[in-house]
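Visitor: Each chain, written out:
Number of protein chains: 2
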Amino acid sequence: MTGYRLHIDRNWDRYVGELLDFLAIPSVSALPQHAPDVARAADWVAARMRAAGIENVQVLPTGGHPVVYGNWLHAPGTPTVLVYGHFDTQPADPLELWHHPPFSPHRDSDRVYARGASDDKGSMLIPILAAEALLRTEGRLPLNVKFLFEGQEEIGSPQLGALIAARRDLLRCDLVVNADGGQESEDQPALCIASRGLCAVQVDVRGPASDLHSGVHGGAVQNPIHALVRILDSLRGPDGVIRVSGFYDRVRPLSDEERVQIATVPFRDEDYMAELGVPALFGEAGYSTLERRWARPTLEVNGIWGGFQGEGVKTVLPAEAHAKITCRLVPDQDPAEVQELIARHVEAHTPPGVRVAVRRLEGLARPYRIPPEHPANRIAHGVLEAVYGRPPVYVRTGATIPVLAMFFSLLGVHTLTFGFGLPDENIHAPNEFFRLSSFRRGLEAYGLLFERLAGLPTG
Amino acid sequence: MTGYRLHIDRNWDRYVGELLDFLAIPSVSALPQHAPDVARAADWVAARMRAAGIENVQVLPTGGHPVVYGNWLHAPGTPTVLVYGHFDTQPADPLELWHHPPFSPHRDSDRVYARGASDDKGSMLIPILAAEALLRTEGRLPLNVKFLFEGQEEIGSPQLGALIAARRDLLRCDLVVNADGGQESEDQPALCIASRGLCAVQVDVRGPASDLHSGVHGGAVQNPIHALVRILDSLRGPDGVIRVSGFYDRVRPLSDEERVQIATVPFRDEDYMAELGVPALFGEAGYSTLERRWARPTLEVNGIWGGFQGEGVKTVLPAEAHAKITCRLVPDQDPAEVQELIARHVEAHTPPGVRVAVRRLEGLARPYRIPPEHPANRIAHGVLEAVYGRPPVYVRTGATIPVLAMFFSLLGVHTLTFGFGLPDENIHAPNEFFRLSSFRRGLEAYGLLFERLAGLPTG
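Line by line, the protein sequences give chains A and B. Going by UniProt numbering, 350 is the number at position 350 of the first sequence; the sequence numbering is gapless. Going by UniProt numbering, 93 is the number at position 93 of the second sequence; the sequence numbering is gapless.
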C-alpha cells in the first residue's frame, strides 16, 4: 500500500478541489426545480468514474432521478462487491441559518461546509478515488468491483427497487459495500449493523369552505388547527409511547446481547444534550437513549402548517391545516402496514366538524440488519482497527438506508456499511460539513478493504 | 328628504366610482410594507371629507397608522354625535383563492369585490356622502357631527386609546355612531348591541439548537411540534370548553331575557352549515350557535407552523414550532388578565425537553355592550323600520370593535352601531364583497338617522 498512499498524498489537493466541485451542485432530490441539478450530479459522477479507470460507466434512467453504474471486473476467482452511495442531498432550508450558502462549498481548515458534504458526497467519492489510486499504482484492483450511485436516496429511493429488480444480472454480487455511513468519532471506528425503516404520511384537515373571521364565526365551528393538534397529540403519549393501535405488534424485542452491545458504545447523555442544545432528553420510557435512537421505532411530525404565519395578528379561523409525519421502523415492522395503522388511528380520532384525509407519501423502506458475525463485518473490523488503532464498536443508525433492505430482498446479499461521516456534521440541518481528515482516512481504509475483501468467501 | 334622495340618485355613478377608487388602496394595517398605503387611504378620506363640506379636516398622527378627524358644528342646541369607522383592511392572503385581485375592485352587478369592501370601507364612506348630500340640499346638518376614521382597527387599534385620551375635548360628544357594522340580511335590519373583546398571544416552542435528522435523533429528544400540539390541545376540551384555569371566572352568565332576545333572531343551523361548507357545527356544549358566536368567549388557534411545509418528504426534527392564538372575550373578562391565564396554563402544560415562551401580542380590546333600551337604539330602531319596512332584531357581533369600549371608558358615552355590511360578504376571507344596494340603503338611513338624532337628549 506504500505506492497507493504516496499517490493519494501527491493528488490530495486535486481530490479536495474535486470534492468542492461536486458539492457545488445543488442536487436536492426532494425539490422538483432541482431535478436538472440531480441529473448534472449524475453526469459529474459518471465522468469522474471514467477518469478513474472504471469501465462500462453509464447513467441509467429510472423514471425519476437517475443512477450511475460502472464496473471493473478483471479479477477472476475473486469475489465481486457492489459499492453503493448517493449523490443527491437533502433540501437546504432554512437558508437563513447557514453561515455560508449551502451550495457554495466553504473550506475552514479541516472542514468543508456544504449541503451533502457529510451525507453523502464526501463518503461516496472515496471508493471512486480509492479505485483510481489502486488502478494507477497497482494496475489492477484486487477484486471485482461494481459501482452503483443513486440520486434519490433522500426521498426514499422510490424507483431504485424497480431498477435493481430489472438489472439483477448487471448488479449480481457477493456483497454490497455501502459508502453511506459513518464512524463514531475521530478516534473511535464503528461498524453499523442496522438501519431503521421509514414510512411517511400527510394529514390534511379541512373545515369551512374558506377562511373565516374568527370573531364572527369563532365558537360555532370546529377549527381545523384544533382538530389537527387533537389528532396529532393522540398519536403519542406523554411517556413517548406511540399510541397507534398495532404499531408495536411486529417489533422484535431487543435481546439482552443486543442491549449489552449497544451499552458498550461510548455515549454520555450529558454530552449529547449539550451537542444538541436541548434542556432534557425525551423518549420512550424503559429504553436508553441509544436504544431509542437505534433500535426502537418512532413517530415524528416533520412539519405542520395552517392559518396565518406572518407578523402580527390575523383573526382567522382557517379553512385547513396540515401535517407531515414520518415513522422510523425496526425489524419486523412493515412500512405500508404502519401507514395503514396511522390512517386508521387518524380516522378514529378525528373530532366532529372537519374532514380529514391521510395521504400515503412515497419513500417506504423496510428496516435492515446484518449479523455482526458476518465475514464481511469481520474483515471490515480488522481494516478499521488497522486504520484507527482501535477496534470498532458495533453501532446502528436510526436513519434509513432503503437500499439495504432492497439489496437483501432483490440481490440476496448482505450489505457492509463503510462510510466516513461523523455524528456532529449537521446532516439534514444547516451548516452541514465533512472533515478532510475523514476523507483521507476513508481513502486509506477503502484501499485496505478492497485488498482484504478479495479473501471473502464467494457465493 | 326628497331633495336628499334626488341628490343621491343623481350622483350615484360618481359615488360608486369613488368607492372603487377607495377600495383600490391596499391599506392593510397588519403588514409593515403597506403602512404607506394606510397613510394614502387616510389622505383619500380627508380629501373626500373636505369635498363633502366637512370642516376642520385633519390627519392626526398616532405613532402608528393615522386617524382622520373632521367636524360640522353649526347646529347649536342640538346634540353632537361622533361618527366612527375605519379605512384599514385585513391582509388579503391566501391570494390564490381570490377570483380577482383583492385591490383591483371588481363590480359584478350589485356586488363590488375587494378586500375591505364590506369591512369597512363601504359602510364608512356612507356617512361622509350622507353629510355631503344634506349639506348640498339643505345647506346644513340637522345636528352637530364629528367624524373620526382610523387606520388600525384590523390590528386592534393599538394607539387609538391614547389619541382619544389626549384629544378628549376635540372628540367630546353625546353619542358615538359606529359605521363599522351590518344588517342581518337584505330584508331584515338589525341593531347590534354588543361586541366581543380580544387578546392575542404567540406560543414559541424551541427544542434542539438546530433542525435535526429525524432518523439519527428521532426518539431521543422532544420534538417541538409534538410539544406544541400537546400544549394547544390542552387549551380546549373535546366538548369545546376552554380549559385555561380562571378563563370563565369573570364571564357574566346570559340572562333568560338575553337568551330569548338571541333566540328571536332568524337563524337556522342547517343554513349556516351550508353557508360555511362544514359537515357539522361544533362548539361549547349547552349553548346555541348564536349564543356561542355572540355571547360566549372563545379561544382559537389562528395559525400554526413548524418544520417542513414543502412538497414530498423531509425527515427533519425541527428546532422550533409556533402558534398564534386569539381569544374573543365577553363581559366582564379582562384581555390582559386572559393573556396571563393562558401564559400560566402553557407554562404548566409544557412537556419536558423544550423551552416555551408566550409572547403577548398587541391588540387588547375589552368586550362592549349598549343597553337595548338606550334612546339612540330606540331612534335607530325607528329609522331601520322605516327604511326596511320591518323592525330590526337585536343582535351582537362575535367580532371585536375595540373602540366601543374605549369610547365608553374615555368619552363616557355609548355607541350606536349603524353599518350596512351583510353576513355573507366574506369579510376577513378571500373574495370579500359589498352590495351596492346596501350602499344605497345606507345613504337613505344615515340621512334619516342624522335628522332624528337631533332629538336625542344631550349630556
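For the record, the hints were derived by calculation from the structure and aren't laboratory data. Any given hint could be a false lead.
Stated by the list, open to error - Covered by chain A, according to a simulated footprint, are these stretches of chain B (three or more residues, beta-carbon under 8 Å): (1) 231-239; (2) 271-280; (3) 390-400.
For each residue, glycine too, the CB sits at the ideal point set by N, CA and C.
Visitor: Now tell me, hint by hint, if it's right for this structure.
Guide: Quick rundown of the hints versus the structure:
1. 231-239: holds (count 4)
2. 271-280: With 6 residues closer than 8 Å to chain A, the region 271-280 of chain B meets the three-residue bar; holds.
3. 390-400: holds (count 4)
Of the hints listed earlier, there is not a single one the structure fails to meet.
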